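Asker: Each protein sequence line maps, in turn, to chains A and B. The numbering used here puts the first residue of the first sequence at 6, with every later residue one more than the last. The numbering used here puts the first residue of the second sequence at 113, with every later residue one more than the last.
Hints are computed from structural coordinates only; laboratory data are not their basis. Given the structure is predicted, the values throughout are model-derived calculations rather than measurements. Hints are not guaranteed to be accurate.
[Stated by the list, open to error] Taking lysine to any residue pairs in the SDA-like style, the calculated list, with each CA pair at most 20 Å apart, reads:
#1 B/Lys254 / A/Val42
#2 A/Lys48 / B/Cys260
#3 A/Lys44 / B/Gly244
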Amino acid sequence: MIITKTSQAGTLESNDIVVKLMPNPEGTIQINLQSVVFKQFGKQIKALALQTLENHGITSCICDLDDKGALDYVIQARIESAIQRNL
Amino acid sequence: MKNTNNTKQITDSLQRHLQLKEELVSLKQSLYDQYQLPIISIQANYPGEQKLNGWSAYTVLTFAKQIETHFTILKKQLIFNELGPLVLMIIKDDPLALKQFAIQLENTHPLGRCVDIDVFVKDRPLSRMDYGIQERSCLVCKEIARECIITRKHSLHEVTQAFHTLLLSSLQSIEETIRFALLSECMLTSKFGLVTPLTQGSHHDMDIYTFIESIDTIVPYFKKVDDIDINQSLDSIFQELRRLGQDIEKVMFETTHGINAHKGAIFLFLMILMAQRLPTPLTQAIKHLAQPLKDDFKSMNKNSPLTEGERQYHQYQTLGVRGWVLNGGEPLLSQALNYYTSKPDSHHHQVNTLLLIMSKCEDSTIIKRSGIQGLKEFQKKALEAFENPQLWSSFESYCLKSKLSAGGAADIFALVLYLSHSQERSLL
Numbered sequence: 006m007i008i009t010k011t012s013q014a015g016t017l018e019s020n021d022i023v024v025k026l027m028p029n030p031e032g033t034i035q036i037n038l039q040s041v042v043f044k045q046f047g048k049q050i051k052a053l054a055l056q057t058l059e060n061h062g063i064t065s066c067i068c069d070l071d072d073k074g075a076l077d078y079v080i081q082a083r084i085e086s087a088i089q090r091n092l
Numbered sequence: 113m114k115n116t117n118n119t120k121q122i123t124d125s126l127q128r129h130l131q132l133k134e135e136l137v138s139l140k141q142s143l144y145d146q147y148q149l150p151i152i153s154i155q156a157n158y159p160g161e162q163k164l165n166g167w168s169a170y171t172v173l174t175f176a177k178q179i180e181t182h183f184t185i186l187k188k189q190l191i192f193n194e195l196g197p198l199v200l201m202i203i204k205d206d207p208l209a210l211k212q213f214a215i216q217l218e219n220t221h222p223l224g225r226c227v228d229i230d231v232f233v234k235d236r237p238l239s240r241m242d243y244g245i246q247e248r249s250c251l252v253c254k255e256i257a258r259e260c261i262i263t264r265k266h267s268l269h270e271v272t273q274a275f276h277t278l279l280l281s282s283l284q285s286i287e288e289t290i291r292f293a294l295l296s297e298c299m300l301t302s303k304f305g306l307v308t309p310l311t312q313g314s315h316h317d318m319d320i321y322t323f324i325e326s327i328d329t330i331v332p333y334f335k336k337v338d339d340i341d342i343n344q345s346l347d348s349i350f351q352e353l354r355r356l357g358q359d360i361e362k363v364m365f366e367t368t369h370g371i372n373a374h375k376g377a378i379f380l381f382l383m384i385l386m387a388q389r390l391p392t393p394l395t396q397a398i399k400h401l402a403q404p405l406k407d408d409f410k411s412m413n414k415n416s417p418l419t420e421g422e423r424q425y426h427q428y429q430t431l432g433v434r435g436w437v438l439n440g441g442e443p444l445l446s447q448a449l450n451y452y453t454s455k456p457d458s459h460h461h462q463v464n465t466l467l468l469i470m471s472k473c474e475d476s477t478i479i480k481r482s483g484i485q486g487l488k489e490f491q492k493k494a495l496e497a498f499e500n501p502q503l504w505s506s507f508e509s510y511c512l513k514s515k516l517s518a519g520g521a522a523d524i525f526a527l528v529l530y531l532s533h534s535q536e537r538s539l540l
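Model the full assembly from the supplied sequences, consistent with the hints where possible.
Answerer: Rendered as structure tokens:
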């Protein structure tokens, strides 16, 4: 599935994350992460985001993540909401 | 199968939390758009799913008061939902000064680590990092809180205990302990017809705000018990207490516009506070202090009873709350206090303490609604629910259907919480 419009989920409150999905002209999945815990958990968060997108059959999108220290299941749920809102 | 259900439940409740969080941000956004002023939000860092309770409410309201005494509040809103109690305030002041004050409170107030005070401007909360200020430290180990949360370093139980310990050690006066006890009572969410933060129970004329405003009004008056001279006759002491009680009732009714939120609680707390000042053991002291109440029964006029309690005395010969204190609150007070203090504090245990009291208390509010037979049936059902939590919801429906609300049991529940956490002399 290719993301063809913009959708968003989440907040910038503590322990939450803002997920923004947009079309990617390159036709690949591109994840841009900003995180208050980038140094310690940046790699893990990116991997989790990629896996969640792929599990939902997404093959092309730009995924902007602005993370304020969200737990993994919150990250997953926010990405899923953003996907739902894109349908 | 059981596991699947469990996972599903957690997912639903997580979805609800996430949705509420988005709605909250939209609300802040629309308030900001309307007023063009910083919005402060105060929430407790209470862990786990059950975030509505006395612990979180006491924390949030304590800090709301701090902000109110230092800044000009244009509008204040108190919100209760699954995210916990929340205070939103629109403030006519510089956002930077506000954020600095908030950070100072979080860092230096004894309860500072239990609270999140956010300042919202334009489209986002101001962050400590914007000012290059050190991150919040963990409730349990003082490391950076964010990292402990993400790595799940501490168990839910450990964090909950740390919160409780901090709060209890911050209670510096009798009034603060009473405030905490009364808030814990009204914040309890499984209540069997009593008002909760989420429902009005069996009532149409009062809600959680009635109780919180009443608590705010009455609590400061309890320190006046200390002004009563104990070197006079017990009868004179009692008459002074009664006058103080009438004064407190008057301000309560003014605040609640005539609704009886805490009449019973005022009576019980005054009796206990005075008894704690007397040299005899607490139960004895309550009994001695209560002696003049016997005269109430003698002087009651059968043809024109004054109060509901007096009416019930004539109809059923029940002594109500007067009889209860004439017995020093026993045996129920010791039983409930023993039960409450026997286990680590939890929502479940608080609900069961309330049910235990409901199953034994001769509650005049229940007698008023459904007579002596009704009280017996209510007590029996409360006991069944105490023994089997699966019956909580059917007991709740029964109370709502019969419009029952055990206000007397709720007063004793608050008293038990006070005694359990009071630094003063207790029963145990």
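Asker: Decide if the proposed pair is consistent with the structure: B/Lys254 and A/Val42, CA atoms, cutoff 20 Å inclusive.
Answerer: With a Cα-Cα distance of about 17 Å, the restraint between B/Lys254 and A/Val42 holds, given a limit of 20 Å.
Asker: Does A/Lys48 pair with B/Cys260 here, judged by a C-alpha cut-off of 20 Å?
Answerer: Holds, because 18 Å separates the two Cα atoms, which is no more than 20 Å.
Asker: Is it true that the CA of A/Lys44 sits at most 20 Å from the CA of B/Gly244?
Answerer: Answer holds: A/Lys44 to B/Gly244 is near 17 Å, not above 20 Å.
In the structure shown, no violation is registered for any of the earlier numbered hints.
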